[in-house]
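All chains should be built: construct the whole structure from the sequences, respecting the hints.
Top line first, the protein sequences correspond to chains F and D.
Residues 1 to 431 in the numbering used here are what the first sequence spells out, letter by letter.
Residues 1001 to 1255 in the numbering used here are what the second sequence spells out, letter by letter.
These aren't lab readings, by the way, just hints derived from the structure by calculation.
Take these hints with a grain of salt, some might be off.
Calculated lysine-lysine pairs in the BS3-like style (CA-CA distance at most 25 angstroms, straight line) [as the list claims (entries may be wrong)]:
1) D:LYS1142 with F:LYS429
2) D:LYS1197 with D:LYS1077
3) D:LYS1077 with F:LYS126
4) D:LYS1225 with D:LYS1239
5) D:LYS1199 with D:LYS1077
6) D:LYS1023 with D:LYS1239
Among the chain F residues that face chain D by a calculated CB cut under 10 angstroms, a handful are [unchecked claim]:
7) ALA209
8) PRO224
9) ARG226
Remember, it's a predicted structure, so these values are computed and weren't measured experimentally.
Don't be surprised by glycine CBs; every beta carbon is placed ideally from N, CA and C.
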Amino acid sequence: MMNNTDAMSLTLGESKVRSRRWLVWVAAIAVPLLLPLVFRSGYALSMMCQMGIAVIFALSYNMLLGQSGLLSFGHAVYYGLGGYASIHALNAIGAGKLDFPVTLLPLIGGVTGLFFGIVFGYASTKRAGTVFAMISLGIGELMAAGSTVLPGFGGEAGISANRVTGKGLFGITYGPPVQVYYLIALWLVVSAILMYALTQTPLGRMANAVRDNPERAQFVGYNPQRVRFITLVLSAFFAGVAGGLTAINYEIVTQEYLTAHTSVTPLLMTFIGGAGYFFGPVLGAILVTFLQVVLGAYTKAWPLYMGVVFISTVLFAPQGLAGIVMQHRQVWSAGLMRRLVPAYAKVFVPACALLLGTICLVESTYHLTTEAQAGTQMSLFRIPLDVATPAPWIGAAALIAIGLYFFRRSCAAAALSWEGITAELQRRKSP
Amino acid sequence: MKNPPALELVDVSKSFGKSLIIKGVSLSIPRGERHAIIGPNGAGKSTLFNLISGRFPVSGGRISLNGEEITGLPPFKINRRSLSRSFQVTNIFHRLSVYDNICCAVLWSRGYRYSFWHPLERLRDVRELAESIIEQIGLSRKRDVVAGALTYAEQRALELGITIAGGAEVILLDEPTAGMNRSETDEAVELIMRVTKGKTLLMVEHDMGVVFGMADRISVLVYGKILATGTPEEIRGNKEVQEAYLGEEALDATA
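So this is what it looks like as C-alpha cells:
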C-alpha cells in the first residue's frame, strides 16, 4: 500500500514536471518572437540580435564546459571559421556563383565548424583537463595568427559582404534589421531545442558520465575520448551556426572573430550564467551582452566591471545566476520567500553605496588617465565632478568604507536567515 | 577447445619499474564458478584485477575471456566482451542521479553506443532494465538522488549495480564488503549471490567468512604468486597456506 501511493505520487510529480517543462519551452519560443513588438528601436533590435547569437554561442560552449567538463580556450576557432565560410558564401551568392538561400546560410557556418571540429577535435580530445585546455588555447592562437597571413581571411580589413542578395523568399530580403532579428530568433530556437535534445540522448548522458568519472565510463563500455570527440564536433557545429549568423548580422567578418578574446566571451557568459544548468548560458549570454552594449556606451571601463562581475560570480556564486535562481525557486515554492526579503533589503542598501563608491573611484581614475586632455571636469550620473579636487576621491572612499562595513554585516545576517531556511526545507523533506 | 574457460590467465606478470608485483600467475576459471582470491595486503590482488580488466597493461603473459584473447585491450573493449568489474574505492558518477548512473551502465549493452538521436526518455528497454536493477540493489527510494549524496553502504550497492547492469557474463568484485559492519556485510553477500546467479564471479575479499561461505574455489595469492587453488576444504587443509597466510585460528574460525 505504502509503495503504491509512493509510486503514484512519483508519476504524478513526473507528469507535473513534464507539463511545466513544456510551459518553459513555449515561453522560450514565444518570448524571442514577441520581443520586437515591445522593443521597437533600432538600438534595442541590434542588441537583441547580438544576444540571440551570443546565446547560441554560449550554449554550444556549455556542451563542452558544463556537460562534458571540458574547459576550452579556443571555441572562437569554430565560430570564426563558420563566420568566414558564411561571408564567402554570401559573396558567392551575390556574385551569382552560388545558388543558396540566405536563410540557410548559418548551415554553411555550422558545417564548417563541424568540419574543423573533426580536424582539431581529434587531437584535442585525447585528454581532458589541463591538456585539453592547453591544446584548445594553442589551436586558437594558431588560427588567430594564421588568419593574418593566410589568404581568404582578408587581412586586417576582414571580409565584407552584402546580405541583401539572392532571391528573396516571400519578400524576405534581410534588408530591414527586424527580418535579420527574426532569422536569428528562428535559428536560436531551433539550435536551443536541438542542443537541449542532445543532453537527453545516450551521448549526452555519457558526456556527463565522462565529465564525472572518465575512468568508470571505460568500465561500462565507453571510450571517453570518443564521447568527448563527438560532443566537441557537435558543439563546433553550433558555434559555426552562431558565426554564420554574425556574418549575416554585421555583413563583415574580421580576425577579431578568431581571437582569444572571442574565445573567452562564451566562457564568461557560461560561468556567470551557470554551467551546471542548461539555461545558465542563456542567462549569462543575455546579461553579458547587455552589459557590453549598455555599459560600453557609457564608459570605457566596462571590461573592468565585467571582470568584477565574473570574479564575484566565481567566488560567491559558483553555480552562477541559474544556480541562484534554482536555489530560490525551492524557497519560493515552499512559500518561505517572505522570510528572506527583509534580509535582502538590508543587503541591498549598503551594496548600492559600495557600488556607487566603486564606480566613482573607477570613473574618476579612468577620466584622469585616459581623458586628461579634456580637462579635469567630468560628470557622473549627471552630477558634475572635478577630479582635480579631493571631493570625489574622499566621497568615493567614504562610500566604499561605510558601504563595505554594513555590507559585510548585512551579508552575515542574510547568510544566517538563508541557513535557517535551508534547515527548514530539510526538515520538511524528511518528516 | 569446445568449452573454453570463462577466464584464463597464463603466466601473467606485471612490474612497476624494477619491482615485480605479479610473478607469473596462471589461473583458469570455468563458466559459472564463484572464485575468490585471498592473500595478505600487498600480495597484488588489486593489481591482478587491474590487469584482467585492462586498467593496466600486462608486462608478460596472456589473458583470455571465453577463449578469446583480451591481453592489451583497453578497458572499454574488454567490457564490451562481457567482463565487468567493481572497485575497492567506490567509483561512481557522483553528480548523476542513481537512475542515471545505472542508465549509463546499461546503454552500451543495449546497443545505443554513442547515439545522439535516441531520446533517452523513450528508450523503454533501457528504462525498464535500469529500474529493475535499481530495485534489485534496493535503491528504489533513492532513484533520483545524486550519487554523491548517498551513504557509504548505498554507494557500495550502486557500485555493484553499475557493475552488473550491463549484463556481463564475467563479474570481478574488488572487496565488495570492505568497510561494512556485520549486518551490512550479510546483506551485501545476499545481494551479490542474487545478482550474480549463473554468472562467473571472481572476487577479492578480506572477510574470510564471506570467502568460505560464497566461493566454489579459492586461490591464495602471496607476493605475486599463486600459492594454492582449490575448494574451501582443500584450502583450509593446505599446510602451506596455513603457514604462509591464514594462521590456525583464522581457519578454525571458518570451520
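Going down the list of hints, with the structure as the test:
1. For the hint linking LYS1142 of chain D to LYS429 of chain F, the alpha-carbon distance of about 13 angstroms falls within 25 angstroms, and the restraint holds.
2. Proposed proximity of LYS1197 of chain D and LYS1077 of chain D is supported: the alpha carbons are some 24 angstroms apart, at most 25 angstroms.
3. Of the pairs offered as hints, the one joining LYS1077 of chain D and LYS126 of chain F holds, with about 17 angstroms between alpha carbons and a cut-off of 25 angstroms not exceeded.
4. Our distance criterion of 25 angstroms between C-alpha atoms is met by LYS1225 of chain D and LYS1239 of chain D, whose separation comes to about 17 angstroms.
5. Proximity of LYS1199 of chain D to LYS1077 of chain D is assessed by CA-CA distance (about 19 angstroms); at most 25 angstroms being required, the pair is judged to hold.
6. Pair hint LYS1023 of chain D plus LYS1239 of chain D holds up; C-alpha atoms about 22 angstroms apart against a cutoff of 25 angstroms.
7. Contact between ALA209 of chain F and chain D, as hinted, is supported at the beta carbon level, the nearest pair being about 4 angstroms apart and thus within 10 angstroms.
8. Restraint check, PRO224 of chain F versus chain D: the minimum CB separation of about 8 angstroms is within 10 angstroms; hint holds.
9. With 10 angstroms as the threshold, the beta carbon of ARG226 of chain F comes within range of chain D, its nearest partner Cβ sitting at about 6 angstroms, so the hint holds.
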